[in-house]
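Engineer: Please model the entire structure based on the sequences and the hints provided.
Residue-level listing of the chains:
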Amino acid sequence: MAYSEKVVEHFQKPLNVGSFGSSSDVKDRSDIGVGIVGAPECGDVMQLHIKVDEAGKIEDAKFKCFGCGSAIASSSLATEWIKGRTVDEALAIKNTEIVEELALPPVKIHCSVLAEDSIRTAINDWKKKNGHDVEDDHHHH
Amino acid sequence: MTAQDTTIYFDHASTTPCDQRVVDAMLPYFTSIYGNSSSRNHAYGWEAENGVDTARSQVADLLGAQPKEIIFTSGATESNNIAIKGAARMYAKAPAGSESRGHIITAVHEHKAVIDPCRRLEREGFDVTFLEPGADSIITAQMVKDALRDDTILVSIMWANNELGTINEIPCIGKICKEHGAVFHTDATQWVGKLPTDVEADNIDLLSLSAHKMYGPKGVGALYVRRRRPRVRLQAIQDGGGHERGFRSGTLNVSSIVGLGAACAIAKEEMEAEGKRLSALRDKLENELMSRLEVVEVNGHRDHRLPHMTNISFGFVEGESLMMGIKNIACSSGSACTSASLEPSYVLKALGVGDELAHSSLRLSLGRHTTEAEVDEAIEGIAAAVQHLRAMSPLFDLWKEGVDISKIEWQSH
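Protein sequences appear in the order of chains A and B. Residues in the first sequence are numbered consecutively from 1, following the numbering used here. Residues in the second sequence are numbered consecutively from 1, following the numbering used here.
Keep in mind the hints are simulated off the structure, nothing from the lab. Careful, some of the hints might be misleading.
[Stated by the list, open to error] With a straight-line cut-off of 16 Å between C-alpha atoms, the simulated EDC-like cross-links for lysine to aspartate or glutamate are:
{"#": "1", "chain 1": "A", "residue 1": "83", "chain 2": "A", "residue 2": "60"}
{"#": "2", "chain 1": "A", "residue 1": "128", "chain 2": "A", "residue 2": "54"}
{"#": "3", "chain 1": "A", "residue 1": "128", "chain 2": "A", "residue 2": "53"}
{"#": "4", "chain 1": "B", "residue 1": "407", "chain 2": "A", "residue 2": "41"}
{"#": "5", "chain 1": "B", "residue 1": "327", "chain 2": "A", "residue 2": "5"}
{"#": "6", "chain 1": "A", "residue 1": "62", "chain 2": "B", "residue 2": "397"}
{"#": "7", "chain 1": "B", "residue 1": "327", "chain 2": "B", "residue 2": "270"}
{"#": "8", "chain 1": "A", "residue 1": "51", "chain 2": "A", "residue 2": "28"}
{"#": "9", "chain 1": "A", "residue 1": "27", "chain 2": "B", "residue 2": "401"}
{"#": "10", "chain 1": "B", "residue 1": "284", "chain 2": "B", "residue 2": "372"}
{"#": "11", "chain 1": "B", "residue 1": "349", "chain 2": "A", "residue 2": "41"}
{"#": "12", "chain 1": "A", "residue 1": "27", "chain 2": "B", "residue 2": "397"}
{"#": "13", "chain 1": "B", "residue 1": "327", "chain 2": "A", "residue 2": "9"}
{"#": "14", "chain 1": "B", "residue 1": "268", "chain 2": "B", "residue 2": "61"}
{"#": "15", "chain 1": "B", "residue 1": "400", "chain 2": "A", "residue 2": "25"}
{"#": "16", "chain 1": "A", "residue 1": "128", "chain 2": "A", "residue 2": "28"}
[To be verified] Some chain A residues near chain B, calculated using beta-carbon distances under 7 Å:
{"#": "17", "residue": "20"}
{"#": "18", "residue": "40"}
{"#": "19", "residue": "47"}
{"#": "20", "residue": "56"}
{"#": "21", "residue": "64"}
{"#": "22", "residue": "67"}
{"#": "23", "residue": "68"}
{"#": "24", "residue": "69"}
{"#": "25", "residue": "81"}
{"#": "26", "residue": "96"}
[Said to hold, decoys possible] Covered stretches of chain A, as calculated for chain B (at least 3 residues, CB under 8 Å):
{"#": "27", "segment": "24 to 37"}
{"#": "28", "segment": "128 to 135"}
As the structure is a prediction and not an experimental result, all values here were calculated from the model. Every residue, glycine too, gets a C-beta built ideally from N, C-alpha and C.
Structural biologist: As C-alpha cells, this is what we get:
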C-alpha cells in the first residue's frame, strides 16, 4: 500500500511519543487524563496521556500506539493538535479533519476515529478526576 | 531504478530469480528450436522433443524417478489438482453423484492448492480429514496412521510447509500409506531442489513441484506419477490431444520445460553446498535478532525445517507497521490474529501462535544470491524497526510492567 508523505513522515519521526508515567503512576494523578482505546486483536491500540492545567488547558500530550502506520500518524497528529488547546477546543476536533490532513484512504478511516476517541476518553478521564460533568460518550461510527 | 537496486530480496519461498544458466539454456527454444515437440514428421519437432526429453531426464534424476514418470504441467497448483482430483476420482469407492466415495487425509496447514481441491472433492461425495499439527507444525506418521480408515484412498501431506519451512515425516507417512494401500501424494514445491529426494526410498506415489521456486521460470512445473509397484492411475482433468501420457493435454511449453530441466540439474549439483551456506546465514539472522530483541520466537520446529528460511514472531508490534519499517527488505508477513490491515495466517493460527496476542511474524527466505552483507543489513534494519515500534507500543510498556494484556478488557470497535 502506498502511504501519503505525511503518514510516512509521522511514522518515521512521530511527535510526542511517550507517557507521563506507568499506568499505575498516572491512575490517580488529577492533572493527567488517560485514554486507551482499541484492542490488540483488532490490530490497533492507542494510548493518550494529556496534562491539563487548572484552567482546563492542555499543556502537554504524549501518545503510544500499537497499530499500522496510519494509526501511528493519526495519534501523532492528534497530540500535536491538542497541545495548547482547552479541553473543549480539543473535543471539537473531528476525525474527518485528521483524514483530510493525512490523506487517509477509506480503509484507514478507522485510525482517525480511534484518534478522536482517544482524545475524548482522555479528556473525560481528566474531567471525572476533577469533578467536572462528563458528556455521554456518543460514538459516531 | 528497479526494486533490485533498493531492496534486499528475502522472499525466495515466494519465488526465485531465474538462474542465468537456466535462461541461457532456454533462449534457443524461443527463436531457433521452436518446433512443436509433438510434431513427429520433421526435424523442428524432433529437436524440440529432444529438449523435452533431456528436461524429463533431468527432473527424474533429481527425484530418483524414471523419465516416463514425469508429467509436465503449468506449476505446482496444476500438479496438485491433477494428482488429488485425478487419484480420488480414479480410486473412488462409488460413482459420481453418490455419497461415501472414499476417504482422503490431508492437513489444515497445507497450501490452498491442496486444501481447495480437497474441499471440492468433499462436495463431490468424498470424506476429508484435515489433520491438525501441534505447535511444532509437523505432521507425524502416527497422526496419519491414527486417521487411516478402511476406505482411505488418498493421503496428501506436503513435504515442507511454505510459511514455516517445517518438514513433515514424509518417508514414514509414505510407508504407512503403502502398507495400507492408499495413494500417497506430496506437495514438494518448497522441498525439491533444497534437500535430496528419492521417490523410491521415500515411498512417494505422486509428487508436485514447481520450477520458479528453484531458480527456474514461472508457469511450469511437474508431477511425478509412479509407474511401478504400484502403477498409479489418474483420471485426467483436461481433455484434448492426449499429451503427457493422457494426464495433461496441451502443447508442451518447450522453452520453460527446458528451463525446469536445467534448474533441476543445477539444483542436483549445488543444493548440498547451497543448503549449508544458507542455513549458516539463516541461523545468524535468527540468533542475532533473538539476542538483540526480547520476545522474539521462531515459529515451528527449529530443527526439522528447510535450511534457507525462518518464520519469526515479534511481540507487541503490529504487522503492517513492521513491514512499513523494513520496506527495504522484501519478505512476507503474517499475523495469527485478525487485524484491520492484514489477513491472518491460517498456518500460524493452526499452530496456536495467535493465542498470545499482538505478535507479528515475518517469513524470511534466503536464496542463491543472498550475501552475508545483506543478512547483516537485514539484522540491523529489522532490529531497528522493532525497537522503533516498541518505543511507541503501549502493549510493550504493559508487558514490561508485568500486566497480562490478554486479561485486559479492551474496548473493541
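Engineer: Compare the structure with each hint and give your call.
Structural biologist: Here's how the hints hold up against the structure:
For a cut-off of 16 Å, the pair hint linking residue 83/A to residue 60/A stands: about 5 Å separates their Cα positions. At most 16 Å may separate the alpha-carbon atoms for a hinted pair to count; residue 128/A and residue 54/A meet this at roughly 14 Å. Of the pairs offered as hints, the one joining residue 128/A and residue 53/A holds, with about 15 Å between alpha carbons and a cut-off of 16 Å not exceeded. Among the hinted pairs, residue 407/B with residue 41/A is consistent with the structure: their alpha-carbon atoms are about 12 Å apart, no more than 16 Å.
Proposed proximity of residue 327/B and residue 5/A is supported: the alpha carbons are some 15 Å apart, at most 16 Å. The straight-line distance between the Cα atoms of residue 62/A and residue 397/B is roughly 14 Å, inside the 16 Å bound, and the hint therefore holds. Our distance criterion of 16 Å between C-alpha atoms is broken by residue 327/B and residue 270/B, whose separation comes to about 31 Å. Of the pairs offered as hints, the one joining residue 51/A and residue 28/A holds, with about 13 Å between alpha carbons and a cut-off of 16 Å not exceeded.
Straight-line distance between C-alpha atoms of residue 27/A and residue 401/B comes to about 14 Å, which keeps the hinted pair within the 16 Å bound. For the suggested pair residue 284/B and residue 372/B, the alpha carbons sit about 9 Å apart, so the restraint of at most 16 Å is met. Straight-line distance between C-alpha atoms of residue 349/B and residue 41/A comes to about 13 Å, which keeps the hinted pair within the 16 Å bound. Between residue 27/A and residue 397/B the alpha-carbon distance is near 15 Å, which keeps this suggested pair within the 16 Å criterion.
A distance of roughly 14 Å separates the Cα atoms of residue 327/B and residue 9/A; the hinted pair therefore holds under the 16 Å criterion. Our distance criterion of 16 Å between C-alpha atoms is met by residue 268/B and residue 61/B, whose separation comes to about 8 Å. Restraint check for residue 400/B and residue 25/A: the C-alpha separation of about 14 Å stays at or below 16 Å, so the hint holds. For the proposed pair residue 128/A and residue 28/A, the alpha carbon gap of about 11 Å is at most 16 Å, so the pair holds.
Contact between residue 20/A and chain B, as hinted, is not supported at the beta carbon level, the nearest pair being about 12 Å apart and thus beyond 7 Å. Taking 7 Å as the C-beta contact cut-off toward chain B, the hint placing residue 40/A at the interface holds, the least distance being around 4 Å. Proximity of residue 47/A to chain B holds as hinted, the smallest CB-CB distance being about 4 Å (cut-off 7 Å). Annotation: residue 56/A was flagged as interfacial toward chain B, and the flag is violated, the nearest CB pair being 25 Å apart, outside 7 Å.
The beta carbon of residue 64/A comes within 4 Å of a beta carbon in chain B, closer than 7 Å, and the hint placing it at the interface holds. Because the beta carbon of residue 67/A sits about 5 Å from the nearest beta carbon in chain B, less than 7 Å, this interface hint is met. Satisfaction of the interface hint for residue 68/A is found here, the shortest Cβ-Cβ separation to chain B being roughly 4 Å, below the 7 Å cut-off. Hint on residue 69/A holds. Least Cβ distance to chain B is approximately 5 Å, under the 7 Å limit.
Because the smallest distance between the Cβ of residue 81/A and any Cβ of chain B comes to about 18 Å, over 7 Å, the interface hint for this residue is violated. Taken as an interface hint, residue 96/A does not check out: its beta carbon lies about 17 Å from the nearest beta carbon of chain B, beyond 7 Å. For the segment 24 to 37 of chain A, the stated coverage by chain B holds: 3 residues have a C-beta nearer than 8 Å to a C-beta of that chain, and at least 3 were required. Counting residues of the segment 128 to 135 of chain A whose beta carbon lies closer than 8 Å to any beta carbon of chain B gives 0, which falls short of the minimum of three for the stated coverage.
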